[in-house]
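*Asks:* Sequence:
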Amino acid sequence: MCNMSHPGRSPKLSFLCSPAPAAASASDAPSDYYEVCQSRYPPLMQESSWTLAAPFKEQHLHRNLSDSIANNYTLTARDLKLKNMKKFKSFSMIEISHISLGLYSPCHLSLNITASLFTKLVFFFSKSALLKCLNRISLSVPAHTPELHVINYTDNQPLTPEEQFALMDLHEKEISKQEKQPSSDDLERYCHYIHNGVREDMLAPQDKEVVNKILKHIPTHIPPSPELERFLARLKEEIKTDYCTGLMKAIVDYVLLDPAERKRLSIQSTPRPFPRRIICAPVPWHSSYKETKSWNESNLFIVNSLMPTLQELWLSQYSHLRFVRTAEVLCADLPLLPAEFQDIIQRHCGEARDILQNKWIPTCASIFIARRNMWLHFAPQRDSDSPEKVESYFSSVAALMSLQLREMVINSLEDLLAFFMIHKDGNDFKEPYQGMQFFLSQILTVKLCVKEPDIVFEPSLGACWDLISHCFQKILQSAEELPKVLDKQFEYICFFLQRNFASETYVCFCGLLCLRYLNVYRKYSNLLNNKSRQDVTKFLEKSPSLEALTEKINSFTELKREIASMDVTVPLAMFCLDALQLNEELCNRTQNLKDTLIEFAVVENRQLNQRYLLFAWMVLAVCLDRCYISVDERLLFFCWVF
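Position 177 of the sequence shown, counted from 1, bears residue number 176 in numbering that gives the first Met the number 0, the numbering being contiguous throughout.
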């Protein structure tokens, strides 16, 4: 066999092995050297074509691109035209039944391909009694063929590896007798066309993934060096050379399949490739396999043709369905009140259940009604026959639909879990609180209220967790008690789809520390536990001065301003706290304390003024006693003064 990587060339023909130069232009006459090369080595491919590359034999046929496809694939269809192709109709069910009953003769059927080529060879050698004179051969040395002792061989008897080697060896010898060995001139011309018959620009580029897979075998622990880089460059060049050489050889071999091209290129025969031998292991379980296969076809209903139809219906129309459409929830006006969120979940689950019950199951039932011939033979033919087989068939149908429903439930649970897991990082923020840290849209709105002496959530966090758990349970409940297709077919049977997922737990995510934000209100705890009221009472018992009282009132005014400036809506992970009611309550309590101080100051000033007035009255009375004024004049004077 000739080595294609380094073909040997004759010294006197070395000048002919180089690529033939093309003509300079269409107007210039070809040179003598070009004519010698063309006469010695006729072209294999067209120099110019509408496509990237085209065989030279297509040049004189004037085919369009579509009509050249058949010729490129097989020589027997070289004159095939697309307009002359006949349309073949597929066998109908009636024709197939006629075929199975023998109403058509075997000569009219083109489907007789049950026996493989290897089986035909075995049958040929066994009938011709050649197997008896074969020699046993070694697995590694196919030239040595000792005698085989096989008597009364039948088609059902498995062949040993040695017998298979013997058959393949005989087949190769028969082929070698029909083919001639290539001459030196054939080898020289064959090598020339491989290396020079096809230009590199006509070849398809090599897939980069193939090169990357080859380079992955290079150890990574080798430190980079200039020598390694040169080695990689040589390796890549070798990969490219081997790819181009192999592809050119494949093109030349394909063109030489045409006897006319062999004659035109003066290549009578080519080197035979190294034979490929595949050994099939003997299968002593052949009979049991056939019996099991026959039993499965009659009892294992999953191979029924309606089962893939149901699966295709589910995948094409209903596999995208979810009990909770989380994408729509994310696009809603978040955050929502717990009651609003629960209403959305219930509405989505109800709509999905209606689609399953009013569209999916009736569609499946209509398929079974329209194609009843696929399963009606399982039904009892007489009243005395048992309906076990048809019930078993529809149980398999129910199992398939139950798996489809289970898939929908699992996907819905996973989507809802992923919807909540957006906030899996929780509320474990570092103080002080920064609202920009929680930029994702919250889901639920929770109000902060005062329940002395604490701040409570309304609804409570426990109620929120119950609501989230109820959402998952609602998905499971929506898939319960869906009727089987059997209910739509036979009214006397009432089954329900088995729910295989009830005992499985899918709800698991981290706790959210909403209580940490309440540390912001820690300095206002005196307002919640009435300690501020007690402090004000003690402060007033000491009869503070007007300056101290004014300072205390100003402190409460500043405290109220600080509380009023706090955030009313507090974004956290998953929850949005509504602190409006809490802030108003704290402001009211601060204002009440401030009013108490102001009222105390007013009362104190009133009492002081009354004392001043009494003192003035007494002084005035003394002064009037010393003056001799009538009673009427005194009354007029007091009225004028007061």
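It should be emphasised that the hints constitute simulated quantities derived from the structure, not laboratory data. All values reported here derive from a predicted model rather than from experimental measurement. Glycine included, every Cβ here is placed at the ideal spot set by N, Cα and C. Hints may be right or wrong, so weigh each one.
[Said to hold, decoys possible] Pairs of lysine-lysine residues, derived as DSS-like cross-links and limited to a Cα-Cα distance of at most 27 angstroms, are as follows: (1) K450 <-> K537; (2) K262 <-> K172; (3) K559 <-> K446; (4) K262 <-> K239; (5) K179 <-> K262; (6) K292 <-> K176; (7) K522 <-> K559; (8) K56 <-> K248; (9) K530 <-> K551; (10) K248 <-> K176.
[To be verified] What follows is a list of derived Cβ distance ranges for each label pair: (11) T362 <-> T50: 17 to 23 angstroms; (12) M420 <-> I221: 41 to 47 angstroms; (13) S395 <-> D200: 45 to 51 angstroms; (14) I301 <-> A232: 52 to 58 angstroms; (15) L402 <-> I221: 49 to 55 angstroms; (16) R370 <-> L329: 40 to 46 angstroms; (17) E296 <-> N211: 41 to 47 angstroms.
*Asks:* Hint by hint, say whether it matches the structure.
*Replies:* The hints, checked one at a time:
1. K450 <-> K537: holds, 25 angstroms
2. K262 <-> K172: holds, 25 angstroms
3. K559 <-> K446: The given pair, whose Cα atoms are some 21 angstroms apart, holds under the 27 angstroms limit.
4. K262 <-> K239: violated, 32 angstroms
5. K179 <-> K262: Holds: K179 and K262 sit about 15 angstroms apart, inside 27 angstroms.
6. K292 <-> K176: Violated, at roughly 43 angstroms.
7. K522 <-> K559: Holds: K522 and K559 sit about 13 angstroms apart, inside 27 angstroms.
8. K56 <-> K248: holds, 18 angstroms
9. K530 <-> K551: Cα-Cα ~15 angstroms, so holds.
10. K248 <-> K176: This hinted pair holds, its Cα atoms lying about 24 angstroms apart.
11. T362 <-> T50: 17 to 23 angstroms: violated, 48 angstroms
12. M420 <-> I221: 41 to 47 angstroms: holds, 44 angstroms
13. S395 <-> D200: 45 to 51 angstroms: The hint (45 to 51 angstroms, Cβ to Cβ) is violated, given that S395 and D200 are roughly 59 angstroms apart.
14. I301 <-> A232: 52 to 58 angstroms: holds, 56 angstroms
15. L402 <-> I221: 49 to 55 angstroms: Holds - the Cβ-Cβ distance for L402 and I221, about 51 angstroms, lies within 49 to 55 angstroms.
16. R370 <-> L329: 40 to 46 angstroms: holds, 41 angstroms
17. E296 <-> N211: 41 to 47 angstroms: holds, 45 angstroms
Going down the numbered hints, you'll see the structure goes against 4, 6, 11, 13, while the others check out.
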